[in-house]
Amino acid sequence: MSALLDLLLGIVTGIGGFVEVGSISTSAQAGAEFGFQLLWAVAVAAAMLALLTEMSGRLAVMSKRTIAAAVRERFGIHFQAVPLCAELVLDLLLLTAELGGAAIAVKLLTGIGFQWWVLPTGLLLWTTLWFSRFSIVEYGIGLLGLVTLSFVLAAWRLGPDTGDVARGFIPSLPSHDGVRYAFLAISIVGATVSPYLLNFYSSGTIEEDVTPDERWVNTATAYGGDVFGSVVSMGVLVTAAMVMQPLQIKIDSYEQAALMFVPAFGRWAVGLFAASLAIGCVGAALEISLNMGYMLSQIFGWSWSANKPRVENARFSCAFSFVLIAASALAVLGFDPLRLTMISVALTVVVMPLMVLPFLVLMNDTQFVKDQRNTVVGNAVLAALTVLGALMALVVIPLEILGG
Amino acid sequence: MSSSTRAILSAWLAGVTSGTYTATALEKTLALIEENRTALANNAALLVDPRGARLADAADHLSRLVALLIADVRAANAEAARNHLAALPLDRERR
Amino acid sequence: MHIVRDLLDKAVVDRHGRNMGRVDRVVIERRTGVPPRVVAIEIGPSALAGRLSATLGRWMMGLLHGLAVDEGQPLRVDVNHILGVTDTVKVDLAFGDTPAASVEHKLRGLVKRIPGAHR
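Protein chains in written order, with my numbering: chain A, 1 to 404; chain B, 1 to 95; chain C, 1 to 119.
Since the hints were made in silico from the structure, they are not lab data.
Hints may contain errors.
Unchecked claim - Result set (DMTMM-like, lysine to aspartate or glutamate): computed pairs, CA atoms no more than 25 Å apart in a straight line:
{"#": "1", "chain 1": "C", "residue 1": "K90", "chain 2": "A", "residue 2": "D365"}
{"#": "2", "chain 1": "A", "residue 1": "K64", "chain 2": "C", "residue 2": "E104"}
{"#": "3", "chain 1": "A", "residue 1": "K64", "chain 2": "C", "residue 2": "D14"}
{"#": "4", "chain 1": "C", "residue 1": "K10", "chain 2": "A", "residue 2": "E312"}
{"#": "5", "chain 1": "A", "residue 1": "K308", "chain 2": "A", "residue 2": "D209"}
Chain A with its partners taken away, still in its complex shape (with noise of 0.2 Å):
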């Protein structure tokens, strides 16, 4: 009972805490640019991170380290040096950009502008951090986020034609400025397959106590959580291609992407977009901050748990902290959100590659997981989707720069 109640929560979490500003976004961005041509894009990029969680989860169920750890351990600091540098910047600036997300919705209802509410925002997610369990973070995040299901009521309020959706999802060639399609399909498994997001997961995994025999839990939390939660995306995608594209609006700052819920939702448009908005960087916001401080801690070996009182991990809550003033700082500098935003889910492309391979290995070294290792097909696509990484790695630049 317990598990299964584990397991629902799980996907609740999922569900609620899957879009953030970087995949609104690309949603959004795409919808209006490309109607439905790109909704392949969302369902592959959610595959990728269901993929990716559930060996997260898998290698800290069974070797009872993270990502983060596993790597230092198995690759030594030299290799790990590289990638966490990578990913301290990114997250950094994902952060930044959650935060600006955020300050924004605020402003929406109050028309005072975004850099006024960074720092309430910021003292707010710190003080969450500050006084909650991991569970509390966690499930707060999953059920919170659940107003994010406004993209798909708004979605189905709007009652695209089935067929056209359904095309969405074969892969076709856009009938119109390729370079710009390549960069958003990319831009969309950027936004989604984000890095904090797989050491957050196998943390949590940790932090939650779940046993070998409880594995099951993890795959279907896993794969349901994504696949469940990707629709929101799709939601996003398809509201602004029935609202956004017909009228050949590009989609140019969150303030104006808030029209998107006009005509499903009415007087209660902006209001539910800024909920939705505020609600899904708060959401990601908390997660990358925490996993900041999980990740050190993991690497440097500090102690570490956000179910212990803060004063015995004084590193690890130091650390947290630390990534959260520094963020909100950058905010309050006021560059706009929604372009820090592109930068941060281009340079994660980038970064891809180099998250993804250290599990080609950890996931089939016994010493980490036991018997659980990798199948022939789940290393198959493993090895194609580092490939496919180092690909949008290469072009997500170029790309940007003669489309973006």
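Starting from the known structure of chain A, arrange chains B and C on it as the hints suggest.
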């Protein structure tokens, strides 16, 4: 940007969105138009070309209209807003 | 050397099973005519930094020294104190007694003044 502006205004004129939101969204649009204008103005080569010069003029025109629209919205003047809306150029943005 | 590989980067726990950090560097003694042997393991940011690059190591030592932490020196654990190596390296010490605890203690002094730190 023109179609953006039109959509934002239409929602307000229909009474669906608040003046606060509309002004906020229009201000952001204006900020983006201003960025485009600056980029155009700094590109001497583009300005020498008659098409470039027309783009710069269109941006100027749009910028002024959006500023006027923001004032209309803040003053809750639907009448004036409708007039300015009618003067908005049609977007010929190639997709 | 397999021993070095088995030691490096692994988590270190004290005799009570408490986390002490990671093996950041291994000290090897080389003598002519005799195979090199592991003499000690080192735990600490300066050891880790020094392993990445000598300059970085010196810089880290200076930083820690300036912050009045351990005079910048890493914790050196003699190989004789190693009780066993499995997933972790168990050593015959108590965490609280070692200087490796210094950074944590210093920060605890800061953290405990913030409300909610003891919950």
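Hints, verified against the model:
Under the criterion of a C-alpha separation no larger than 25 Å, the hint pairing K90/C with D365/A is consistent with the structure, at around 22 Å. At roughly 23 Å between alpha-carbon atoms, K64/A and E104/C fall within 25 Å of each other, so this suggested pair holds. Between the alpha carbons of K64/A and D14/C the distance comes to roughly 18 Å, so the proposed pair stays at or under 25 Å and holds. Distance hint between K10/C and E312/A is fulfilled; the C-alpha atoms sit about 22 Å from each other, no more than 25 Å.
A distance of roughly 14 Å separates the Cα atoms of K308/A and D209/A; the hinted pair therefore holds under the 25 Å criterion.
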